[in-house]
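Novice: Given the structure of chain V, go ahead and fit chain E onto it with the hints provided.
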Amino acid sequence: MTVTVERGGRVVEKDSGPKPPRRPRDSYALFLLPGALAFLAVVVVPFLMNTGVSFTDWQGVGSPEWSGLANYRELMDDSEFWASFRHSLFMVVAMAAVPTVIGLVLAAALFDYVGKHFGTRTAAVLRACFYLPQVLPIAVAGIVWSWILAPDNGSLNELLKAVGLESFQQDWLGDPDFALYSVMGVMVWVQIGFPLVVFMSGLQRVDPQLYEAAELDGAGWWRRFWHITLPQIRPEIYVVLLWCTIAALKVFGAVYVLTKGGPGGETNVPSYFSFTTFFEKTQVGYGAAISTVLTVIILALALVGLKLQTRAEDAEEGLRV
Amino acid sequence: MTAVRRYPILVALFIGALFMVLPFLIVAVNAVKSPAEYSANGPLSLPEGLYLDGLKDFWERVDFGQKLINSVLISGSVALGAVVLSVLNAYAIGIGRIQGRTWVLAFFVLANMLPQEALVYPIYYLSKEAGIYDTRLSVIIVFTVIQAAFGTYLLSSILGQFPREIIEAARIDGANKWQVLWRIVVPVSRPTIGVLLVLFFIWTWNEFLLPLVMLISNDNQTVSVALGVLQGQRLMDATMTNAAALLGVLPAIVFFLVFQRTLTRGIAVGAVK
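Line by line, the protein sequences are chains V and E.
All residue numbers for the first sequence refer to the UniProt record's numbering, where the first residue is 1 and numbers rise by one.
All residue numbers for the second sequence refer to the UniProt record's numbering, where the first residue is 1 and numbers rise by one.
Isolated chain E (complex conformation):
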């Protein structure tokens, strides 16, 4: 391949990539403009200075710190809970090879694909009956189970290939099933478990429909729901919209930079399994 034919493709790819990140750049640029500057120069000009009051106002107005805490609390708990549940399920299916495991596995796969619209009203109704409506706990419980469907599916197929000799050897040495699980299977599966933790955390962070229905009071809302509701009310001016967008984008970019490798590997593994 000659250099002449190579570079246009690289240039085209870079333009494509630029187009993908352009919305982020525009948001970042406009979030630090003052309202006066914005209305004078429009959205495409570069900011004249660093105007952070818009961000500060927005932060205080929506109590963004509390929203971040809620999101971290919910996503973190779900990630941990769903991994524990997935490991237990997958241990029975992948290593225990319980009878009817194909059907059990098919059940988890289908549960994973089920649209949340088919669960949302009964969950809303039942959580009201149980007195946990509009609590973070209700959302944690629901998503722990929903995410565990994917985790069970992925871990079961990986544990199905676990070397049986190791387990049999440990059993002959007198280890019971719990010891085999926590001392052998979990440590060996640590890479997959790490991927699942990251995926569950980010997926739960991004969830919208169920948290929107379940968390109505301001104190319990997640970042996603708070921003979505604000946007839906159409009450924000341009500067505030940009502040909201920037504050919503930043955590995602942080996760992305921190977990990039795990994420891309995890997505690929998850898709092919």
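Isolated chain V (complex conformation):
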């Protein structure tokens, strides 16, 4: 006999000899216990603390002083805060929009042309080259690029000189007019591999007969790309856009290593802004408010994305049943 007592989702099972596997599901909750405790300690409690601190005035020592919405009111008038989120939008372009578009074209070209005419091995080698920056620690990528983009003796400026384009030489990361675009360029380089790999695996799902039929009907490459490839891998495109947008909003390491938010705050982003507010200015309450705003934006995006995904899955299951 199994005696299960349920109270608020918590389940207690009394073991009494061999039991029929009739309602086995409830006692499985015990397997969730270590995970639940660990997440409570490392994610839930710190997150609630951070949110709580954002309503206080606190320097990290002594006891926090309740200040209500003062930090958030201050944020609204803080031009540095608005600038950091404006730069976030540039990061979304560099890490989500551009890599998705380039990734789509590259994936289709690798899959369609190279895979079919030159063998999947060639396609795999090319894919590996594009994917390589993705496994690199961002700190290392930052070292590589800040050296390449250095004003004196940097490879890019040397290269421009070698081909006679000296007038195009710049202090790529030090000039307020160029720094943000340089960081964006580096992020495109870092990010491209991810959409490419996801899209290429998505393309393997597409029925080749669709392409053959379209080709017989006289559809050119672009039309097939537009009317078959894109609609068929739409789920992948959504997921990639969502993940990359969230990654772009979180970007920290690249800014830390490449520019430290400079020159003159021109490449400051919310995560770097909250980091310096926490640990350099030690205005913990204010830093917590910045990170809370960032969290709300990311979670809202994630919820919308999740909802779209479950709806798509439900529709798919409805078709199967």
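Hints listed in this document are in silico derivations from the structure and should not be mistaken for laboratory results.
Worth double-checking, as some hints may not be accurate.
Unchecked claim - Some residues of chain V that are not near chain E, with every Cβ distance over 10 angstroms (derived):
#1 E65
#2 W222
#3 P270
Stated by the list, open to error - Computed spacing ranges between beta-carbons, pair by pair:
#4 V:Q232 with E:G160: 22 to 32 angstroms
#5 V:S79 with E:V21: 36 to 46 angstroms
#6 V:K260 with E:Q66: 42 to 52 angstroms
#7 E:E60 with V:K116: 23 to 33 angstroms
#8 E:K128 with V:T122: 52 to 62 angstroms
We put the beta carbon where it would ideally sit given N, CA and C, even for glycine.
Specialist: Frame of chain V; chain E shown alone:
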């Protein structure tokens, strides 16, 4: 498609690919130049000989061996711990189908997306209170949990499709839940678990913000943090920068070559699930 129209695209793709790996090549070329040669010929010339003292100096100056050990220790422990935690969670959600599992799963997904900026100060503060600040253990604990959020999500959706007959048959034969988990579910899910181990290892290796905050003493720092901090201080000359970059790039390339197949498959599976 005629050959004439085919080759320009292939050539364009190869140029694109070359552009992607070019930074690695430039770094490798310049890491083996002597400072004199570098200042005489600039970054674009080919090295005249193999000058390894720069690499050796850098290695000794930052105690790179210790950094590698720290990174391997932290990433390895996190990979193992996070997989165990993910398997336990996913067993309850995917196979146990506990009540409210949709909400539990949604919680893990959101925990996975949470920016670390919203956790970093309390974690910093709490670990100081607990007396584990600036220890590798603190970073291992934090990342075991953070990575397990993704693992739980991925494994739950895979275990949700696990053939129920196998489990019911084992239960009728008298196996308890632990035996079902370790003798049936884990062995059958080995491919996914392998992917998770690789992803967790590399992700943790590459982590920057939390290790930067948590590991301040030289003896505990990871490769990523040590190189990032050095770069941030702007104290390195060109030769040293290249030595640092090359030594930072090499482990990543090794992982990439060893795990390439698992990685690309894993990324794709993870994204679509």
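Novice: Now look at each hint and say whether the structure bears it out.
Specialist: Now for the hints, and whether the structure bears them out:
Distance check on E65 of chain V: its Cβ is at least 16 angstroms (rounded) from any Cβ of chain E, clearing the 10 angstroms threshold; non-interface status holds. Every CB of chain E is more than 10 angstroms from the CB of W222 of chain V (nearest about 13 angstroms), matching its label as outside the interface. Consistency note on P270 of chain V: stated as away from chain E, yet its beta-carbon is not over 10 angstroms from all of that chain's, at 8 angstroms minimum. Checked against the hint of 22 to 32 angstroms, the pair Q232 of chain V and G160 of chain E passes, with Cβ atoms roughly 25 angstroms apart.
At about 40 angstroms, the beta-carbon gap between S79 of chain V and V21 of chain E stays in the expected band of 36 to 46 angstroms. For K260 of chain V and Q66 of chain E, the hinted distance range of 42 to 52 angstroms is not satisfied, since their beta carbons lie about 26 angstroms from each other. At roughly 52 angstroms, the beta-carbon separation of E60 of chain E and K116 of chain V lies outside the given 23 to 33 angstroms, and the hint is violated. Checked against the hint of 52 to 62 angstroms, the C-beta distance between K128 of chain E and T122 of chain V comes to roughly 54 angstroms, which is consistent with it.
Going down the numbered hints, you'll see the structure goes against 3, 6 and 7, while the others check out.
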